[in-house]
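> With these hints in hand, go ahead and build the complete structure from the sequences.
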Amino acid sequence: MNLFPRLLCLSFLLVLTACTDPGDQEATTAQSTVDIFMTNIAQYCGQSFSGRVVANTPPVADDPFEGQGLVMHIRECSANEIRIPFHVGDDHSRTWVLTRTVDGLRLQHDHRHEDGTDDAVTLYGGDTTEQGTAIRQEFPVDQFSIGMFKREGLSASLTNVWAMEMDPGQYFYYELARRDSDRLFRVEFDLSEPVPTPPVPWGRPNPATEITAEQQARLRTQLPFADERDFEESRRGFIAAPPYQQILGAAGNVVWDMGRYEFLLNGEDYDSIHPSLQRQATLNMNFGLYEVVPDFIYQIRGYDLANMTLIRGEEGWVLFDVLLTRETAAAALAFANEQLGERSVTAVVYSHSHIDHFGGVRGVVDEADVLAGRVQVYAPVGFMEEAISENVYAGNAMSRRASYQYGNPLAAGPFGQVDSAIGKGLPRGTSGLIAPTVVVTEDFEEHLIDGIRIVFQNTPGTEAPAEMNAWFPDSKVFWAAENITATIHNIYTLRGALVRDALSWSRQINEALYRFGREAEVMVSSHNWPRWGNERIQEVMRDQRDAYANLNNQVLNLANRGVTINQMHNEYKVPESLQQSWAVRQYHGSEFHNSRAVINRYLGYWDGNPATLAPLSPEQSAPLYVEMMGGANNIMTKTDELVAQGDYRHAMELLNKLVYAEPGNQAAKSRLADVFEQLGYQYESTSMRNVFLTAAQELRYGVAPLGAVHSASPDLARAMTTAQWWDAVATRVDSQRADGLAFKINFVTSDNGEQFVIEMRGGTLTTISGYQSGQADVTIRMNRSDLDQVIMGQETLASQLGAGRGQVEGDVAVLQQLASVLVQFDPVFEIMPGTRR
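To get our numbering, take the position in the sequence shown, counting from 1, and add 27.
Quick caveat, the hints were computed from the structure, so don't treat them as lab data. Computed from a prediction, not measured in an experiment: that's the story for all the values here. Hints are supplied without guarantee of correctness; some may be wrong.
When the alpha-carbon atoms are kept at most 20 Å apart in a straight line, the in silico SDA-like pairs for lysine to any residue are as follows [stated by the list, open to error]:
1) Lys684 to Gln647
2) Lys771 to Gly833
3) Lys771 to Asp674
4) Lys503 to Asn584
5) Lys503 to Arg480
6) Lys600 to Ala722
7) Lys177 to Asp145
8) Lys600 to Asp145
9) Lys684 to Ala746
10) Lys684 to Arg628
11) Lys503 to Pro441
12) Lys684 to Leu643
13) Lys177 to Asp142
14) Lys771 to Val841
15) Lys684 to Leu706
16) Lys177 to Ala204
17) Lys771 to Gly797
18) Lys600 to Asn584
19) Lys771 to Asp742
20) Lys503 to Pro645
21) Lys684 to Glu654
22) Lys684 to Pro741
23) Lys665 to Gln693
24) Lys503 to Ser531
25) Lys503 to Glu546
26) Lys684 to Thr639
27) Lys665 to Asp142
28) Lys771 to Asp804
29) Lys503 to Thr464
30) Lys771 to Val756
31) Lys600 to Leu706
32) Lys771 to Glu786
33) Lys771 to Arg759
34) Lys665 to Tyr652
Computed Cβ-Cβ distance ranges for the label pairs, DEER-style [what the hints assert, rightly or not]:
35) Asn661 to Ala183: 35 to 41 Å
36) Ile795 to Leu640: 29 to 35 Å
37) Arg163 to Tyr271: 23 to 29 Å
38) Gly116 to Asp142: 16 to 22 Å
39) Pro221 to Pro642: 30 to 36 Å
40) Val227 to Glu341: 53 to 59 Å
Every residue, glycine too, gets a C-beta built ideally from N, C-alpha and C.
Spelled out as C-alpha cells, the structure:
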C-alpha cells in the first residue's frame, strides 16, 4: 500500500494556479452537504422500499406507472457512487446512479432491456448546479442528455430537472419537473417499512455464467479448505467488537464502514467470487480488539486497511503502525483504552514508508509531545525520503490507476469489491505525518523503548523501499511488518511503481527466519492476523521465502530458455506444493503480473521481436484489424461463440480491437464489459478482480467524475523537498509549447538557506540545488514555510509574492512564460476507449 490518494493535489500544482482550497467556506459547506446527503441515502444500503405516485401532472397517456407496484432498492453503495434500481411491476429496466463530482453530484438514469443490452435512451440526467441541502438535491438536464433527447425525438425532455429528496426515517422522493411547463412527476417511498428485495435489475451486474460457476465449483474441491488454522488464528485472543460499524469524520461523513461487507458472513458461496478469495475476504472480517500476547501485545483489526498493534510498556503504549487516517487511528486507540484501561502513548513505530502505516499518527499523539521528547517516533532508514518520493512525479497517473487496482468506484458486494487482500479497503479521512525522532540505520539495531527490548531489522528493497521488521527477544515475538502477511504481495503493483526485488525479499525473510524465526513463538504482522507456535511460524516463513524465490528463479529459468515478457504470464506456474499453502496464495499480487514484473526488472519491456520494439498504438492498428475481420458485426458474432464456449480471453482480444477501432460503439463496449466481468469473477487476486470489474463499469457507464480535490496534507507538503517540488513542476511542462523558451530562475528559501537554479532550455525545465546563477533572468526569495502553502495548493507563487510573502528581482514575465507551458493533468483521464462523456 502507498500514499497515492493523499498526494493527489500535489500532482495538480501550477506555479501560478492553486488547487481547490478546502478551507474555503463555500467549498467546505457544499462538500459537507453532499456528504450528508449521500450518507442519508447510504444508511439504507441493501434495503428496499415501496412507493406510490403522489404527483403526475398533466396526466400521461399509457402511463407505465399506472396500477404497478413501485419499489426502490438501494442496492450498491461505494464512497463515490450509489446505485438505486427502480422497479415498476415486472419492469426491472431502470437504475438511478448517483455519483460525486468535483462540485456536487450527478444523477444518471441507466435503462436496460431484459437481455441486458442498453436502451437507446440511457445514462441521461444532469449535475447539481447549486449547493442544495442535506435532504434535497436538484439535477438540471446536461448537454449529453439534451443531445440524446434531440437525436431520439424527445423534445419535451430538453428542459428536465430531476430531484431527490429525503425525510430520513420517513420518506424518499424522486421527482421530475420541466422548466417550461407544468409537468411534475413525483414518487414517494416509505422508508419506515422495508419490503422484500426485488429481482436483480436487468443486465447489471451479470451473474456468473455457467462456465464461471463450474470453475468455482472445481476449485472448491481442489483447494485445501479442510485446513482451518487461519480461521482459528484469526479468532484467537478476541476481546471485544465495538458497538458501531461506521467511523465518522468531523462533518458527519463516513470515513470507514465495515458494515458494507456483512454479505460475507451469511455463509453463502458466491459463484461471482473466486472461492479462495472469498475465504480470504471472510478472514479479513476481523473487527475489534484482540490479545496477541497476554498482558503485553494487542491488535485493533478491521478499523482500516492495516492493523494497529499496541504493546504495553512500563509507562504507556508503544504503537506499531498507526493506520491511514486520523479518524480511524483515534477511534482504534479510544476503543483499546476503553477495553484495557486508559494509557498514554509513549512511542510510535512506523514499520515502513507507506501511508497506511503512518498517516493516522495525529489521531494518537500530539506533535507537541513529540517535540518535547515525551513521545519518540521510530522509523527505518530512508523513511522520510521514500514516504514522499515514490508518488511525486507520476502521482496523477498512479492515482488514476489505483482506482482500478483498489476498485474505488465499485460498490462492496459479491459482484463488486470484496476485499483488498491485506484488509478490506481504504478509509476516506485525513492523513498526516510527524517526522521520526529516531531513525534506525543499521542492518540490526537494538533499542530499549519504554522498558521493552526491541531489535530492529532493516529490510530495504522488500515490500517498501524503507521497511523494518522487529524482534522482541524477551518474549520471543517476531514483528514481520508487511514483509510477511497472509498473501503473496505485489512485486509489481498495478497502480504503478518501481518493480520490487523478489530475490531480495526472499533473502530478507530467510535472514529473519534464521536469526529470529527459529526461536519465535509468536509472529505478528501489520495486516491480516498473527501466527502462534514455532513450527507454524517457520512453516509460514519458509513458504513465503520459497514463493518469492521461486518467482524470481523460475521466471529467469524460463527467460533464459527464450520465454518473453509477453508469454511469461502464460508459462510461469506456482509449484503445486506451494499452491496448497494458504499463506502464499495470490490475493494481492498474482502470478500473472508478478511474473511479468520479474522479467521486466532484469530484461525490460521488449521481447526481442523488432515488431514490438516501436509498434503502432492500439488506436492506430485496431481499425485495420477490424476491417480485415469483416467489420463489427462479424466480430460480435464470433465473440458470442467464444463466450458461449467460455473462451473469454480470446473474446477479450477481439472485442478490445473493436473498442479501440470504434470507441463510440456502445454495444461493443458493453460486450467487452461482460467479458471483463466474468474474468474478474474468476481471478483470485483482488488487484486483478478490481481492475477487470472497474474497467467493465467504466465501459458501461463511463468514467465517474472526480470527487472534490482536497489540498495536500500540511505534513506531507512540509516533508516534500523544494527540489522534489520543482522536479514535479517540470513534469508538467509541455515540451512542444516550451520549445524555444530560454530563461533561468534563481530560487532561494530564505528561512532554511537553500538555493536553486531553475533553467528552461530545449523545451525542458531542470533544477539544481546548492547553486545560484550570475545570469538569472529573475530571482525569487521566499521562506520555505510560505512555499508550503503553495505546495498544499492553498496559495500560488503569485498570490504569496503579491501579499509580500517573498521578493522578486528581475523579469517577472518569466513566471508568466513558465505558467503558460504547464499542463493541468486530468485526474480522471480515459483508460478504456470511449469512456469519457
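> Hint by hint, say whether it matches the structure.
Evaluation of the provided hints:
At most 20 Å may separate the alpha-carbon atoms for a hinted pair to count; Lys684 and Gln647 meet this at roughly 10 Å. Using a Cα cut-off of 20 Å, the hinted pair Lys771 and Gly833 holds, with the two alpha carbons roughly 18 Å apart. A hinted pair counts as satisfied when its Cα atoms are at most 20 Å apart, and Lys771 with Asp674 does not qualify at roughly 59 Å. For the suggested pair Lys503 and Asn584, the alpha carbons sit about 38 Å apart, so the restraint of at most 20 Å is broken.
Of the supplied pair hints, the one linking Lys503 and Arg480 holds, its CA atoms being roughly 11 Å apart against a limit of 20 Å. Proximity of Lys600 to Ala722 is assessed by CA-CA distance (about 26 Å); at most 20 Å being required, the pair is judged violated. Between Lys177 and Asp145, the direct Cα distance comes to roughly 18 Å. Compliance with the 20 Å bound is thereby established for this hinted pair. The hinted pair formed by Lys600 and Asp145 fails the criterion: a straight-line CA distance of about 40 Å is larger than 20 Å.
For the given pair, Lys684 sits about 44 Å from Ala746 by alpha-carbon distance, which is inconsistent with the 20 Å threshold. Taking the CA atoms of Lys684 and Arg628, the gap is near 29 Å; set against the 20 Å cutoff, the hint is violated. Simply put, Lys503 and Pro441 have alpha-carbon atoms about 40 Å apart, too far for the 20 Å limit, and the pair is violated. For the hint linking Lys684 to Leu643, the alpha-carbon distance of about 13 Å falls within 20 Å, and the restraint holds.
At most 20 Å may separate the alpha-carbon atoms for a hinted pair to count; Lys177 and Asp142 exceed this at roughly 26 Å. A C-alpha spacing of about 9 Å is found between Lys771 and Val841, which places the hinted pair at or below 20 Å, so the restraint holds. Taking the CA atoms of Lys684 and Leu706, the gap is about 18 Å. The hint holds against a cut of 20 Å. The straight-line distance between the Cα atoms of Lys177 and Ala204 is roughly 18 Å, inside the 20 Å bound, and the hint therefore holds.
Distance hint between Lys771 and Gly797 is fulfilled; the C-alpha atoms sit about 15 Å from each other, no more than 20 Å. Taking the CA atoms of Lys600 and Asn584, the gap is about 12 Å. The hint holds against a cut of 20 Å. Pair hint Lys771 plus Asp742 does not hold up; C-alpha atoms about 30 Å apart against a cutoff of 20 Å. Of the pairs offered as hints, the one joining Lys503 and Pro645 is violated, with about 56 Å between alpha carbons and a cut-off of 20 Å exceeded.
Under the criterion of a C-alpha separation no larger than 20 Å, the hint pairing Lys684 with Glu654 is consistent with the structure, at around 11 Å. A hinted pair counts as satisfied when its Cα atoms are at most 20 Å apart, and Lys684 with Pro741 does not qualify at roughly 45 Å. About 17 Å separates the Cα atoms of Lys665 and Gln693, which keeps this hinted pair within 20 Å; it holds. As the CA atoms of Lys503 and Ser531 are separated by approximately 25 Å, the hinted pair breaks the 20 Å bound.
A distance of roughly 6 Å separates the Cα atoms of Lys503 and Glu546; the hinted pair therefore holds under the 20 Å criterion. In summary, the hint linking Lys684 to Thr639 is supported, as the alpha carbons are separated by about 17 Å, within the 20 Å threshold. A distance of roughly 19 Å separates the Cα atoms of Lys665 and Asp142; the hinted pair therefore holds under the 20 Å criterion. A distance of roughly 5 Å separates the Cα atoms of Lys771 and Asp804; the hinted pair therefore holds under the 20 Å criterion.
Between Lys503 and Thr464 the alpha-carbon distance is near 26 Å, which puts this suggested pair outside the 20 Å criterion. Restraint check for Lys771 and Val756: satisfied, since their Cα atoms lie roughly 15 Å apart, inside the 20 Å limit. For the given pair, Lys600 sits about 19 Å from Leu706 by alpha-carbon distance, which is consistent with the 20 Å threshold. For the hint linking Lys771 to Glu786, the alpha-carbon distance of about 4 Å falls within 20 Å, and the restraint holds.
Between Lys771 and Arg759 the alpha-carbon distance is near 17 Å, which keeps this suggested pair within the 20 Å criterion. Between the alpha carbons of Lys665 and Tyr652 the distance comes to roughly 14 Å, so the proposed pair stays at or under 20 Å and holds. Separated by about 39 Å at the C-beta atoms, Asn661 and Ala183 satisfy the suggested range of 35 to 41 Å. Hint check: Ile795 to Leu640, Cβ distance near 34 Å, so the stated range 29 to 35 Å holds.
The hinted window of 23 to 29 Å between Arg163 and Tyr271 holds, with their beta carbons roughly 28 Å apart. A C-beta distance of roughly 18 Å is found between Gly116 and Asp142, which places it inside the suggested range of 16 to 22 Å. Between Pro221 and Pro642 the C-beta distance comes to about 55 Å, which lies outside the given range of 30 to 36 Å. With their beta carbons about 58 Å apart, Val227 and Glu341 fall inside the hinted range of 53 to 59 Å.
In this structure, the earlier hints numbered 3, 4, 6, 8, 9, 10, 11, 13, 19, 20, 22, 24, 29 and 39 are contradicted, and the remaining ones agree with it.
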